[in-house]
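Let the sequences and hints guide you as you build the complete structure.
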Amino acid sequence: MEWIEKQRNVLDFTLSSILRRKSKNIALFVVFTAMVFLLASVLFFTGAIKKEASQLLRAAPEIVVQRMQAGRHTLMPLTAVDTISAIRGVSKVEGRLWGYYFDPVVGANYTLIAVKDALPGTMVIGNGISRARGLYKDDMMTFRTYLGDNTAFMVSEILSAESELVSSDLMLISEQDFRNLFGMKEGLVTDLSVTVKNSRELATIAQKIADILPDTRPIIRDEILRTYEGAFDWRSGIMVVLLSGSVLAFVIFAWDKGSGLSAEERREIGILKAIGWETSDVLLMKFWEGAVISLSSFLVGITLAYLHVFFASSVLFGPALKGWSVLYPHFRLTPAIDFYQVSALFILTVMPYITATILPSWRASTIDPDAIMRS
Amino acid sequence: MIRKSGAFILFLASCIVVFCFTLLHAYLLHDKSIDKIALSKGLVRDLALTDLCIFTEARYTRHPSMADLHTPFQDHPTAMEHFPSGSLLQPPAHLQSHGMD
Chain H
1 MEWIEKQRNV
11 LDFTLSSILR
21 RKSKNIALFV
31 VFTAMVFLLA
41 SVLFFTGAIK
51 KEASQLLRAA
61 PEIVVQRMQA
71 GRHTLMPLTA
81 VDTISAIRGV
91 SKVEGRLWGY
101 YFDPVVGANY
111 TLIAVKDALP
121 GTMVIGNGIS
131 RARGLYKDDM
141 MTFRTYLGDN
151 TAFMVSEILS
161 AESELVSSDL
171 MLISEQDFRN
181 LFGMKEGLVT
191 DLSVTVKNSR
201 ELATIAQKIA
211 DILPDTRPII
221 RDEILRTYEG
231 AFDWRSGIMV
241 VLLSGSVLAF
251 VIFAWDKGSG
261 LSAEERREIG
271 ILKAIGWETS
281 DVLLMKFWEG
291 AVISLSSFLV
301 GITLAYLHVF
311 FASSVLFGPA
321 LKGWSVLYPH
331 FRLTPAIDFY
341 QVSALFILTV
351 MPYITATILP
361 SWRASTIDPD
371 AIMRS
Chain X
1 MIRKSGAFIL
11 FLASCIVVFC
21 FTLLHAYLLH
31 DKSIDKIALS
41 KGLVRDLALT
51 DLCIFTEARY
61 TRHPSMADLH
71 TPFQDHPTAM
81 EHFPSGSLLQ
91 PPAHLQSHGM
101 D
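Same order as they appear, the protein sequences are chains H and X.
Sequence positions in the first sequence follow our numbering and run 1 to 375.
Sequence positions in the second sequence follow our numbering and run 1 to 101.
One should not assume that every hint holds.
To be verified - Below, computed lysine-lysine pairings styled on DSSO-like, alpha-carbon distance capped at 30 Å: (1) LYS51(H) to LYS41(X); (2) LYS41(X) to LYS116(H); (3) LYS4(X) to LYS22(H); (4) LYS116(H) to LYS92(H); (5) LYS4(X) to LYS24(H); (6) LYS4(X) to LYS6(H); (7) LYS92(H) to LYS51(H).
Stated by the list, open to error - Taking CB as the label site, the calculated pair distances span: (8) ALA38(X) to ARG72(H): 35 to 45 Å; (9) SER199(H) to ALA38(X): 15 to 25 Å; (10) GLY245(H) to ALA13(X): 29 to 39 Å; (11) GLU201(H) to PHE11(X): 53 to 63 Å; (12) ILE16(X) to ASP338(H): 18 to 28 Å.
Claimed, not checked - Residues from chain H shown here face chain X by an in silico Cβ test under 8 Å; the list is partial: (13) SER16; (14) HIS73; (15) ASN109; (16) GLU162; (17) ILE224; (18) SER296.
What the hints contain is simulated information worked out from the structure, not anything from laboratory work.
Quick reminder that beta carbons are idealized off the backbone N, C-alpha and C, glycines included.
Okay, here's the thing in structure tokens:
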């Protein structure tokens, strides 16, 4: 009880001391909070999108086989279906018919996919297209075919807004409409999706495909998953490059504030020592000073980051993430908090600041109080 | 009148409570999101999708897992990266492992 009372007394004194240098400490709190907010936002966003990507793309094709010609992806002849089906361990090979359509009206790219159950003249569109073009069920949209003619499709359905992370720019039409729109001959598909009987044989079968069809490249599902694992890795990309500048500025600011004792602070330590405070009491006061600023900033910053990413859909990152696209999916990520990363953030922000506050005070508090007050 | 230390402890406790609420929110939403994930996963399976729809401006940003070594250069071997999203994305895993696809 006595120990708690002592801590509270020191904390009372520390808070009065912080309030005496109000503007300086408020500035520090704001900068510290902003730093934690930015770093935690990046951690939350990347953690959540990586988790969602790995959950969703686990249903992606096991192997996608694309044909390459002169360094570019080119159309695949359907004869390859039989060649690949003959490989032991392959259970199903299907042609995928998909491509892009640039819509000059809004300047957006759509991903068109031919599906078996679509009625000719109709299309199912993603929610992003519906929003960008103001298209709803039974509305018509005109396309320009490869010959320059106009052809219209009726919207038969709009894909659910909840699936926007994978379907925002999708346009599903019939195979015949797809071929008529792009002038793609029968017997050719965009690429092939391959299903195997035993997933442990994926790499072997992919190698066999590459050997039998040397002008193709097989992409296995693990590679797709690893692409997304790496794509939003917080150590990569422009976001961290931009943030690293702010982190360095913060480190310099915090180090300067924490380690460089002002004349007023040195005099305060001298007076406290002169009136009977022990060195340990001074260090305790400085510990509380560091803890008050850093703990408050950490908790406020991390909570604001959570609200920003999972309630406001990362509105501040929007301009960076949107890139130059016109059609941008509206999605709300499922929260995924990685405690290891939160702990790392805590250790990297709170601990160094407290240490930087205590160390110079320890040096000052071991000097003779008379010398401090006279200096 | 409440002591300064008391007010601060109250402030810190309320911050911790709010933070705990975010953890609880994450936990509750995780259960609710199972249907949403299942819906999207069904779409990925049925349509044989390979990528998330995040950056739609270029084919190698719309479908990064399908990109090849040449796509970022688009029309010219020495063309500079045109789209900012390219700075946010790493090269796809299969290009990093195979090297010369």
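Per the CB criterion, is SER16(H) less than 8 Å away from chain X? With Cβ-Cβ at 6 Å, under 8 Å, it holds.
So does GLU201(H) sit 53 to 63 Å from PHE11(X), Cβ to Cβ? Hint holds: Cβ distance 59 Å, inside 53 to 63 Å.
If you check the beta carbons of ILE16(X) and ASP338(H), does the distance land in 18 to 28 Å? Given a distance of about 19 Å, which is inside 18 to 28 Å, the answer is holds.
For the pair supplied as a hint, LYS4(X) and LYS22(H), confirm whether the alpha-carbon distance does not exceed 30 Å. holds, 14 Å
With a cut-off of 30 Å on the C-alpha distance, tell me whether LYS92(H) and LYS51(H) pass. holds, 28 Å
Consistency of beta-carbon spacing, ALA13(X) to GLY245(H), with hint 29 to 39 Å: holds, 35 Å
Does the closest beta carbon of chain X sit nearer than 8 Å to the beta carbon of ILE224(H)? Check passed: Cβ of ILE224(H) comes within 4 Å of chain X, closer than 8 Å.
Checking one constraint from the list: CA of LYS116(H) to CA of LYS92(H), max 30 Å. Satisfied? holds, 16 Å
Holds or violated: LYS4(X) to LYS24(H), with C-alpha atoms at most 30 Å apart: With Cα atoms ~19 Å apart, LYS4(X) and LYS24(H) stay inside 30 Å; holds.
Does GLU162(H) pass the interface hint, meaning its C-beta sits closer than 8 Å to a C-beta of chain X? Result: holds, 5 Å to nearest chain X Cβ.
Should the hint that SER296(H) touches chain X count as held when the rule is a Cβ pair under 8 Å? Holds. Min distance 7 Å.
Are the Cα positions of LYS41(X) and LYS116(H) separated by 30 Å at most? Roughly 19 Å separates the two Cα atoms, so the pair holds.
In this structure, none of the earlier numbered hints is contradicted; all agree with it.
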